[in-house]
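Asks: Sequence:
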Amino acid sequence: MWNIIGHEWATKQLEQSIANNTDSHAYLFSGMAGIGKALLALRFAQALNCDEATGTPCLTCRTCRRIERGNHPDLRIAGMASQAVGLKAEDAARQKELKIGTVREWQRDITLRPYEARRRIFILHDAERLNEEASNAMLKTLEEPPPYATLILVANSTELLPTIVSRCRVLRLRPLPRRQVAEALAAHNVKPDDAAMLAAWSGGRIGWALQLVAQPEAVARRDEQLDALLALQSDGISAGMRWAEQRAKEYRSGEQESVFAWLELWQGWWRDLLLTAAGCPDGIVNIDRRDQLVQLARGQSLAQIHAMAMRIGQAAQQLRENGNPQLVLEHVVLQVATAR
1 MWNIIGHEWA TKQLEQSIAN NTDSHAYLFS GMAGIGKALL ALRFAQALNC DEATGTPCLT
61 CRTCRRIERG NHPDLRIAGM ASQAVGLKAE DAARQKELKI GTVREWQRDI TLRPYEARRR
121 IFILHDAERL NEEASNAMLK TLEEPPPYAT LILVANSTEL LPTIVSRCRV LRLRPLPRRQ
181 VAEALAAHNV KPDDAAMLAA WSGGRIGWAL QLVAQPEAVA RRDEQLDALL ALQSDGISAG
241 MRWAEQRAKE YRSGEQESVF AWLELWQGWW RDLLLTAAGC PDGIVNIDRR DQLVQLARGQ
301 SLAQIHAMAM RIGQAAQQLR ENGNPQLVLE HVVLQVATAR
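Per our numbering: the sequence shown ends with 340, consecutive numbering throughout.
Hints in this document: simulated from the structure, not taken from any laboratory.
Beta-carbon label-pair distances, calculated as ranges:
(1) E159 <-> D109: 24 to 32 angstroms
(2) Q304 <-> T22: 47 to 55 angstroms
(3) N324 <-> E68: 41 to 49 angstroms
(4) Q95 <-> K140: 19 to 27 angstroms
Think about it this way: if two alpha-carbon atoms lie no more than 25 angstroms apart in a straight line, the pair counts; the simulated DSS-like pairs of lysine-lysine are:
(5) K88 <-> K249
(6) K96 <-> K249
(7) K99 <-> K140
(8) K96 <-> K140
(9) K88 <-> K99
Yeah, the Cβ is synthetic: ideal placement off N, Cα and C, and Gly gets one too.
Use the sequences and the hints to build the structure in full.
Replies: Next up, the structure:
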């Protein structure tokens, strides 16, 4: 009983590999943030060491329960969160990459044989953030792993050293169908209209949708952010420059993910405009703003809308390539101003 929403193909593949004794020493679970990678990694750790030894985690035995709580002696979990433990809040926020110290802790642990389980399991979150030194150290671990250890790298993308990826069995988790997300939310007592809205917003990320259910203030914040972005087209260039300056400050202070979230929300809006203008409204994400989308789409051409969506995507890519955040964001704001 994997107790995972969706990703049946992945759990079946893992279950069969355990049953046939063909499981790998290293895995890479990749996919968008909030899609369910962390839960799959934890369930796989349970399946490998479950007292029932059926290839499926029972979730009720002592081993499964201890792994669920994260306090099993043969389970090690690391990532950006564990690396930031003990740091001041501002220093933790500035952490941009996984450093070699995190990997070296793994290497010290991996030399120890299992204490009470069949296998020692090492789960590394945020693996796409391994810096060059840490990546090389990880590669050495993957090249000569002990036979009793299973390493699970969890990443939002497969943008790791190709030699690391080649030494792992890769499972790329795909977004879930919107209807499946809505049904899962309804099972958590979310009202049908709210479930449909959150499922559309989620882009198939069940973990992301469930997080919004638990944090209703995040729904209000998303609405406020979208209103602020839409206002950039009418409030003038000076207001846009102030917005760009504030986002650039956030980016430089370590809040890169927050800035990328702004750009993702903004690009999603222009994508919805494109679909609406093209007469394909069924695929829009912001289903709670259909009327607004219809009204705005009437005044712009398909080429104009498509160009704006592409520019926002290019801005995000330029930031990832270490472009100057203020210049990149100011350029996008100026493009919006001319798109009126």
